[in-house]
Structures are given as structure tokens and as C-alpha cells.
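Student: Listed below are the residues making up each chain.
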Amino acid sequence: MSDFLKVFRIQLRARFSQKASSRKERWKNFGLGLVIVLSLGSLLFSWAFVLHGLFATLHQANMLDVGLLSIFIAGMLVVLIFGVVGVLGVLFQSKDISFLASLPLKQGAVFASKFFIVYLYELAVLIGAVLPAIIVYGIFTSGGVLYYIKATIAMLLLPMLPLILSTLISLVLMRFSGLSKRRDLFAVVGGFLLVIGYLVGQQFLMSKISTMSQDAIIALIMEAGSFVKVIGRSFPPALWAVNAVTLSGVDSLINWALYLASSLAAFALTCFIGSKIYLSGALAQLETAKKGKKVHFNKLKKKSRSPIIAICIREFKLILRSPVYALNSLIGVVLFPVMIFIFPMMSSTDPDLTAIDELMSSLPPSMLFVGAFGVGLVVCTMNAAASTVLSREGEHFWLSKVIPVPYRIQVYGKLLFTWCISAVTIVLCLIPALIMLPGTITSLIPAFICALMGAIPLTSTSMIIDIARPKLKWSSETEAIKQNLNVVLGMFASVALGFIFVVVSVFLINRLAEQLAIFLVFVFIGGVALVSTFALARFADYKYKRIEM
Amino acid sequence: MLKIKNVSKSYSKGNVKAVDNLNLNVERGEIFGFIGPNGAGKTTTIKMICGILPPDSGNILIDGYDINENPIAAKRAIGYVPDNHETYERLSGIEYLNFIADVYEVDPDVRNERMEKYLEMFSIADAAGERIKTYSHGMKQKLMVTAALLHHPPLWILDEPLTGLDPKSSMLLKEEMHKHCSAGNTVFFSTHVLEVAERLCDRIGIIQHGKLIAVGTLDELRGPKANETLEKIFFELTESEE
Ligand SMILES: Nc1ncnc2c1ncn2[C@@H]1O[C@H](COP(=O)(O)OP(=O)(O)O)[C@@H](O)[C@H]1O
Ligand SMILES: [Mg+2]
Chain B
1 MSDFLKVFRI QLRARFSQKA SSRKERWKNF GLGLVIVLSL GSLLFSWAFV
51 LHGLFATLHQ ANMLDVGLLS IFIAGMLVVL IFGVVGVLGV LFQSKDISFL
101 ASLPLKQGAV FASKFFIVYL YELAVLIGAV LPAIIVYGIF TSGGVLYYIK
151 ATIAMLLLPM LPLILSTLIS LVLMRFSGLS KRRDLFAVVG GFLLVIGYLV
201 GQQFLMSKIS TMSQDAIIAL IMEAGSFVKV IGRSFPPALW AVNAVTLSGV
251 DSLINWALYL ASSLAAFALT CFIGSKIYLS GALAQLETAK KGKKVHFNKL
301 KKKSRSPIIA ICIREFKLIL RSPVYALNSL IGVVLFPVMI FIFPMMSSTD
351 PDLTAIDELM SSLPPSMLFV GAFGVGLVVC TMNAAASTVL SREGEHFWLS
401 KVIPVPYRIQ VYGKLLFTWC ISAVTIVLCL IPALIMLPGT ITSLIPAFIC
451 ALMGAIPLTS TSMIIDIARP KLKWSSETEA IKQNLNVVLG MFASVALGFI
501 FVVVSVFLIN RLAEQLAIFL VFVFIGGVAL VSTFALARFA DYKYKRIEM
Chain P
1 MLKIKNVSKS YSKGNVKAVD NLNLNVERGE IFGFIGPNGA GKTTTIKMIC
51 GILPPDSGNI LIDGYDINEN PIAAKRAIGY VPDNHETYER LSGIEYLNFI
101 ADVYEVDPDV RNERMEKYLE MFSIADAAGE RIKTYSHGMK QKLMVTAALL
151 HHPPLWILDE PLTGLDPKSS MLLKEEMHKH CSAGNTVFFS THVLEVAERL
201 CDRIGIIQHG KLIAVGTLDE LRGPKANETL EKIFFELTES EE
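First to last, the sequence lines map onto chains B and P. By my numbering, the letter at position 34 of the first sequence is numbered 34, and the numbering carries on one by one without gaps. By my numbering, the letter at position 131 of the second sequence is numbered 131, and the numbering carries on one by one without gaps.
To be clear, the hints were calculated from the coordinates, so they are not data collected in a lab. Yeah, the Cβ is synthetic: ideal placement off N, Cα and C, and Gly gets one too. Do not rely on the hints blindly, as some may be mistaken.
Unchecked claim - Okay, derived cross-link-like pairs now, DSBU-like style, lysine-lysine, Cα gap no bigger than 35 Å in a straight line:
{"id": "1", "chain 1": "B", "residue 1": "Lys473", "chain 2": "P", "residue 2": "Lys133"}
{"id": "2", "chain 1": "P", "residue 1": "Lys133", "chain 2": "B", "residue 2": "Lys471"}
{"id": "3", "chain 1": "P", "residue 1": "Lys133", "chain 2": "B", "residue 2": "Lys95"}
{"id": "4", "chain 1": "P", "residue 1": "Lys3", "chain 2": "B", "residue 2": "Lys543"}
{"id": "5", "chain 1": "P", "residue 1": "Lys174", "chain 2": "B", "residue 2": "Lys473"}
{"id": "6", "chain 1": "B", "residue 1": "Lys6", "chain 2": "P", "residue 2": "Lys133"}
{"id": "7", "chain 1": "P", "residue 1": "Lys211", "chain 2": "B", "residue 2": "Lys545"}
{"id": "8", "chain 1": "P", "residue 1": "Lys174", "chain 2": "B", "residue 2": "Lys303"}
{"id": "9", "chain 1": "B", "residue 1": "Lys471", "chain 2": "B", "residue 2": "Lys24"}
{"id": "10", "chain 1": "B", "residue 1": "Lys543", "chain 2": "P", "residue 2": "Lys5"}
{"id": "11", "chain 1": "B", "residue 1": "Lys545", "chain 2": "P", "residue 2": "Lys133"}
{"id": "12", "chain 1": "B", "residue 1": "Lys28", "chain 2": "P", "residue 2": "Lys17"}
{"id": "13", "chain 1": "P", "residue 1": "Lys174", "chain 2": "B", "residue 2": "Lys95"}
{"id": "14", "chain 1": "B", "residue 1": "Lys28", "chain 2": "B", "residue 2": "Lys543"}
{"id": "15", "chain 1": "P", "residue 1": "Lys17", "chain 2": "B", "residue 2": "Lys24"}
{"id": "16", "chain 1": "B", "residue 1": "Lys106", "chain 2": "P", "residue 2": "Lys133"}
{"id": "17", "chain 1": "P", "residue 1": "Lys232", "chain 2": "P", "residue 2": "Lys168"}
{"id": "18", "chain 1": "B", "residue 1": "Lys106", "chain 2": "B", "residue 2": "Lys276"}
{"id": "19", "chain 1": "P", "residue 1": "Lys133", "chain 2": "B", "residue 2": "Lys317"}
Unchecked claim - Now the stretches of chain B that chain P is said to cover, found in silico as 3 or more residues with beta-carbon under 8 Å:
{"id": "20", "segment": "317-331"}
{"id": "21", "segment": "538-548"}
Whole structure, please, built from the sequences with the hints as guidance.
Tutor: Have a look at this one:
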């Protein structure tokens with residue numbers, strides 16, 4: 001067996017193999033699988049539904065190819081951005097690097113096997129995004145078996161080029177940051193800048209499209225179409241992939257040749273580069289720059305912290321100092337405020353926002369309240385810090401059991417920490433909204449206060465999920481946070497809870513006088529927050545001591 | 001100080017009985033050595049004493065407090081040094097110690113004095129400001145020892161404490177174990193290095209296949225055959241059990 005296969009297999013095994021020993025456990029896994037399939041299924045279905053509407057319009061304009069092309073390009077862009085995060089985690093921040101480096105293996109084989117691990121992650125996400133598009137396209141063109149085979153092959157290869165780009169970016173990033181003392185910070189900031197750049201760029205494109213004349217819809221689609229073609233030309237492999245799938249005969253073959261050759265050549269080149277410089281960059285990550293700061297004991301602080309605060313601060317330090325954790329769990333903090341901030345900036349043809357402000361203020365305050373409350377809840381649903389709150393402890397979990405702090409107090413410290421993340425997100429969203437729409441302040445402030453309280457049940461539910469089934473055995477931080485089902489489960493639970501909250505407030509507002517209704521929403525959310533905190537504490541007391549390690 | 005009564009434990013993911021009906025009393029002011037071959041159940045026992053693992057049956061009392069009924073009071077009395085030194089690698093040594101002092105509620109003046117004393121003694125004071133990630137195995141071990149002693153625990157528990165320490169640190173640690181006992185505290189440690197147990201311990205317990213097969217002072221274990229080494233006794237006892 002080649003070195004590549006050996007390393008690839010052992011990594012797959014380390015990541016995915018799980019023995020369900022007892023019958024009960026197998027049923028549990030089955031039930032869990034069912035929940036996931038159902039939730040993912042409904043997500044995919046709604047995506048396919050949206051695509052169907054979009055493609056129907058494109059079909060009328062005879063521009064179906066453009067639709068497929070834009071989905072392919074969007075998928076590749078997502079792989080490009082999230083590939084950087086994945087590559088950083090698996091190739092550079094994984095625990096097994098020094099172990100693998102000590103084995104008599106070719107550097108290129110280690111590199112390639114780790115590359116394919118990331119490839120699998122990205123492919124899974126990409127299939128979710130692209131497969132519905134392929135099927136919808138197939139329905140509209142009544143494509144045959146050949147079409148589906150071609151489309152599947154093209155899809156399986158789709159992550160290759162963008163992932164190679166993100167690998168090269170990461171290799172360069174690691175090469176340079178290896179020299180810098182604040183390497184971790186470098187990676188975090190670099191990653192966030194990429195995400196923000198992506199968002200701004202996307203919003204910019206959207207605004208270009210939506211500022212066009214409102215009556216000529218076809219013209220707009222034509223515009224958008226040519227726009228996508230421009231991008232297609234600037235990133236030809238996407239165009240080749242689409243042409244290879246949609247054209248026939250010689251044209252198709254030529255495009256296949258171009259697509260496959262470019263993917264293969266880029267892969268070979270990357271492997272070559274990786275086999276030369278990968279390990280030195282990865283091993284440099286194991287060294288931490290010495291600060292050389294001497295501790296002066298007589299000058300140390302003269303204050304002690306309460307256990308709750310000490311635990312909260314420890315959690316913050318651990319998250320912020322790990323690029324993988326920081327990128328994955330703080331993404332919402334960056335993403336949502338940026339989206340809320342740039343969206344009106346760019347999509348409005350009228351640079352003067354007072355018109356919108358007046359319009360919004362003229363709405364009944366109760367509607368504004370519900371809307372803002374809903375947005376405030378939505379931005380809390382992506383809190384991976386909460387849904388990996390125990391998993392992240394991994395092998396350190398023994399310490400939580402040994403310290404003389406009741407488990408309930410420990411989870412209060414952690415709840416404070418995860419709530420802070422949600423609260424910061426909400427406040428960061430509130431500020432741009434208030435600046436842009438000052439007329440709405442009287443409905444926004446109560447809505448955001450309710451959202452801040454609503455964040456408590458959302459985060460504590462995610463925490464309960466992770467405490468119920470923590471993933472304490474992992475070999476890399478990526479595994480703890482990215483390959484952790486609890487993140488997905490926590491997100492679905494948060495969305496469901498947030499939905500219930502909004503429904504209840506709409507119900508109250510429709511029935512009662514406005515002030516009273518808002519007050520009752522406040523009381524309701526506050527009550528749920530109290531109950532959920534209490535449930536979290538009780539559950540931690542019950543579950544912590546039963547976790548074996 | 002430490003009472004273990006009829007304690008048994010099997011891991012849920014394995015059919016081995018790791019600890020089998022163990023009974024043990026350790027008195028105040030003793031250094032107790034817990035010896036046995038690899039896989040005998042030493043770490044499992046220690047994890048149950050510290051509250052990391054729940055026993056399947058039986059009770060463990062620390063200073064009169066049951067670890068499962070009154071865990072906080074019991075844990076307060078323990079200072080634990082684990083055998084692997086998995087800890088928060090992204091914190092600096094001093095941050096870790098401050099965290100430990102916070103959760104054990106050690107007074108700031110007292111903690112700074114003790115930190116300085118132990119870090120200087122183990123000559124890792126210069127590294128205290130750096131991330132634990134940069135520490136060697138031995139340095140991590142010394143940091144864990146310092147952390148366990150910050151609150152001057154009445155019961156100090158160490159799992160294989162001498163593996164990986166250089167001769168000087170290992171001597172210092174043994175001295176510290178003595179001092180801790182002389183101050184009226186109790187030390188309970190596991191080891192498979194027999195000479196250490198022989199020279200250091202007031203009493204010794206030998207565990208094999210999860211069962212305590214002998215316990216007593218060195219003289220008691222020797223029985224009529226005076227002058228026998230612990231090594232010999234150990235092999236006689238463990239072999240006859242096979
Ligand atoms: N986490 C675990 N899961 C299952 N079995 C374990 C686990 N830890 C230890 N064991 C088993 O329990 C027995 C005792 O192990 P341990 O207490 O670690 O021994 P010692 O510390 O004396 O070397 C061994 O047979 C070991 O295989
Ligand atoms: Mg052991």
C-alpha cells in the first residue's frame with residue numbers, strides 16, 4: 001500500500017470510526033441519524049424549491065446554463081473561503097503532525113492525505129449546495145442518464161481547484177506567519193478578512209444587479225447573465241465544467257479535457273510544492289514564540305476572581321488563542337453585523353437613508369418590534385462556542401471534575417461566556433441599525449433587550465445538547481468543532497426555539513394592546529430564560545459526574 | 001484521612017473489572033505508596049478518589065466526606081497530580097496557576113507567595129510567563145505539582161509522579177512529599193518504581209488485576225524473611241497470584 005493510502009486510512013479511521021457497542025446505543029444513533037436526515041433533508045428541499053423558482057425564470061429567458069454556472073461558481077467560492085479554515089485546521093493545527101513527521105513517510109504523502117481529508121469535508125458541503133441545482137437543471141432540460149453521470153463527475157471534482165487555491169494561500173500564510181511572533185492572531189485576522197472580503201464582494205455584485213431598471217426583468221437577467229459570464233471568464237474552470245456537462249459532442253469533450261487537465265495539473269503542482277515545504281511550515285506551528293516576559297511575583301495582581309468569572313475568562317482566552325476555535329465560533333459575530341451594515345449601504349439606490357428611516361418609523365411599532373426581535377434571535381443561532389462547550393475540553397475534562405466547584409457553577413461560567421458571544425453579536429447588529437434608522441429607536445431597543453434575553457435559552461439549549469453527547473476524544477481542534485454534530489443539532493434547536501419565540505410574540509401582539517403585548521413578550525422570554533438556565537444547571541449536575549473518560 | 005470501602009469499577013466500554021472490591025485506609029500524616037504492574041488499576045482507583053470516575057459500588061471518604069455525596073468538601077481536601085499532563089496548552093503557566101487558585105479560592109497574597117516558592121524551587125519561574133505549549137514534559141509535571149500544592153491540600157494524590165523528572169527535580173519532589181507529611185498532611189502516590197516506594201513510604205499497598213493483594217509497612221510485608229527487598233516481595237506476591 002502506498003504511503004498516501006496508509007496515512008489517509010488511518011486519518012479516516014481516527015475521525016470517523018465509531019463502534020456502537022450496545023443495542024441501546026445503536027437505537028440512539030439511529031434516532032439521531034433520523035433527526036439529522038430529516039432536518040438536512042428539509043433544508044435541501046427548501047433550497048431545491050428556491051432553485052426551481054429561479055431556474056423557471058431563467059428557462060423562459062433561455063438562460064438555464066447561466067443558472068448552473070452561477071451555482072457552480074458560488075459553490076467554488078464557498079469552498080475557497082472555508083477551505084482556508086479547513087486547511088489551517090487539518091494541515092497546520094492538528095495534533096498528529098509531529099507524530100506523522102516522525103514516521104518514515106514521504107512528506108508529499110502526508111500532505112496529500114491531509115489535503116483529501118479537507119477535500120471530503122468541503123465536498124460534503126458542496127454536494128448539498130450543487131446537487132439540487134443539478135437535479136433541477138436536469139428536470140428542466142429533461143436530461144438523460146449521460147447528463148447525470150457527467151454532472152456527478154463534474155461535481156465530485158468541483159472542490160479541487162478552489163481548494164488548491166486555499167491550500168496555496170494557507171501555505172503562503174503559514175510560511176510568512178511562521179516568522180511572526182503572533183502567528184495565531186495572524187491566522188485569525190487573515191481568516192476573518194477573507195470572510196468579510198467575500199461578503200462585501202458578494203453584496204457589491206448583488207447591489208449592481210438590483211440597482212438596474214425595475215421594469216425590465218428580462219434585461220436584468222440578461223445583465224446578470226452577462227455578469228456571471230464575465231466572472232466565468234475570469235475563472236474559466238467553472239465555465240469548462242458547466243460546458244462539459246451541458247454541451248454535447250466535440251464541444252463537450254474539449255471542455256472535459258480542459259477541466260480535467262487544469263484540475264490535474266494544479267493538483268500535481270500543489271503536491272509538488274507541498275512535498276517541498278509543507279512539513280517545515282506545519283512543524284513551525286508547534287513552536288510557540290517565546291515572549292521572554294519574566295514574571296515578577298511581587299507585582300502580581302492582588303485580586304482573586306470568583307470561580308464563575310475565572311471560568312468565563314478562561315473560556316475566552318482558550319477560544320481567542322486558537323485560530324480554529326476563533327474562526328469557527330466567532331464567525332457569526334463578524335458575519336451578521338457586516339451583513340446588516342453593508343446590505344442597506346449597497347442595495348439602496350438612494351444614498352440618503354432618511355426615506356427608509358421615515359418609512360420604517362411609519363410602520364406600526366409592533367411590526368418593527370417583531371422584525372427586530374426575530375433578527376436579534378437569528379444572529380444568535382450560529383453559536384458554535386455554545387454547542388461545543390464541553391467537547392472542546394477534550395482530554396482536559398478531568399480538571400472540571402477535580403476542581404471543587406459545583407458543576408452547576410461551572411456551567412454558569414460557561415453560559416456567561418457563550419451568552420457574551422451572542423450578546424456582542426446582537427449589540428454589534430443594533431448599533432448600525434440605530435445609526436442608520438434613528439427613527440425606529442423606540443421599537444428597536446425593547447426588541448433587542450428581548451433578543452438579549454432570548455439568547456439565554458438559545459445558548460443554554462445548545463449547551464445542553466453538547467453536555468448530553470460531548471465529543472471528548474479528538475485529535476485536532478478542527479475535529480472538536482467542525483466535525484461535531486452538536487454544532488448542527490444546536491443550530492437546529494436554536495432556530496426552532498427562535499421560531500417559537502417569534503410565533504408567540506406575533507400571537508400576543510395581534511391580540512393585545514401594543515404596550516401590554518410587548519411587556520408580556522418580555523415577561524415570557526424572561527421566564528423561559530430562567531427556566532432554561534435552571535434546566536441547564538440541573539442537567540450539568542446530573543450528567544457531568546456520569547461522563548467517563 | 002482516606003477510606004476506600006468495597007469499591008469496584010468496570011469501564012462501560014470494556015469487560016475488564018478494573019478495580020475489584022477494594023478496601024483501604026490511609027491515616028493522617030502517612031506517605032502511602034500504591035504499587036502494581038501496568039494495567040493493575042492504580043490510575044482507575046486514583047480517578048475514583050478524585051471524583052473523576054464514579055465507582056460502580058462502594059464508598060470513598062476523604063477527610064470524612066464522601067466524594068459522591070459531598071463532592072465539593074471532599075475535592076477541596078485533595079490536590080491531584082495526574083499521570084498525563086494534558087492541560088490548557090494555550091494558557092501561560094502563571095495564568096493556569098491563577099485559574100487554579102481562583103477555583104480553589106486561595107487568597108491572592110498566599111497564592112503569590114506559594115507560586116513563587118514552588119516555581120523557584122523547581123526552577124521553572126523563568127518560564128512561568130510562557131504558554132504551557134512550550135514546556136517540556138518535566139516542566140509540565142512540575143507545573144502540575146505546583147498547581148496541586150497551591151491550596152495546601154490535606155490529601156495530596158500523585159499518579160506516577162516521578163516518571164520523566166530529572167534527578168534533581170525528582171529529589172526535590174520527594175523532599176516536598178516528606179515535608180508535606182511532616183506538616184500533618186497525607187500523601188498518596190502510585191508508582192511502579194519499587195525502590196522509590198521502598199525508601200519513601202510509611203506503608204505500601206500492592207494491587208494486581210484490580211485487587212489489593214497486600215498492604216502494610218515494609219516490615220509487615222517482609223514477614224519473617226527480614227532483609228528482603230521490596231522487589232523480591234513484589235514478585236513473590238504478584239507471581240503467586242497468577
Ligand atoms: N478509559 C478506559 N476505558 C476502558 N478500559 C480502561 C480505561 N482505562 C483503563 N482501562 C482498563 O482498566 C484497567 C486498569 O487500568 P489503569 O487503572 O489505568 O492501570 P494502571 O494505572 O495501574 O496502569 C486496564 O485493564 C485498562 O485496560
Ligand atoms: Mg496508570
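Student: Now tell me if each hint is right for this structure.
Tutor: Hints and how they fare:
1. B:Lys473 - P:Lys133: Cα-Cα ~19 Å, so holds.
2. P:Lys133 - B:Lys471: 22 Å, holds
3. P:Lys133 - B:Lys95: Cα-Cα ~12 Å, so holds.
4. P:Lys3 - B:Lys543: Given that 35 Å is the threshold and the Cα spacing comes to 26 Å, the pair holds.
5. P:Lys174 - B:Lys473: OK: P:Lys174 and B:Lys473 at ~34 Å, within 35 Å.
6. B:Lys6 - P:Lys133: Between B:Lys6 and P:Lys133 the Cα gap is close to 29 Å, so the pair holds against 35 Å.
7. P:Lys211 - B:Lys545: Judged against 35 Å, a Cα distance of about 24 Å means the pair holds.
8. P:Lys174 - B:Lys303: Since the Cα atoms of P:Lys174 and B:Lys303 sit roughly 32 Å apart, the hinted pair holds (cutoff 35 Å).
9. B:Lys471 - B:Lys24: 18 Å, holds
10. B:Lys543 - P:Lys5: Holds: B:Lys543 and P:Lys5 sit about 24 Å apart, inside 35 Å.
11. B:Lys545 - P:Lys133: Holds. B:Lys545 to P:Lys133 sits at ~29 Å (cutoff 35 Å).
12. B:Lys28 - P:Lys17: Holds, at about 26 Å.
13. P:Lys174 - B:Lys95: Judged against 35 Å, a Cα distance of about 33 Å means the pair holds.
14. B:Lys28 - B:Lys543: Given that 35 Å is the threshold and the Cα spacing comes to 17 Å, the pair holds.
15. P:Lys17 - B:Lys24: 22 Å, holds
16. B:Lys106 - P:Lys133: 27 Å, holds
17. P:Lys232 - P:Lys168: 28 Å, holds
18. B:Lys106 - B:Lys276: Since the Cα atoms of B:Lys106 and B:Lys276 sit roughly 10 Å apart, the hinted pair holds (cutoff 35 Å).
19. P:Lys133 - B:Lys317: 14 Å, holds
20. 317-331: holds (count 4)
21. 538-548: holds (count 3)
The structure shown violates none of the earlier numbered hints.
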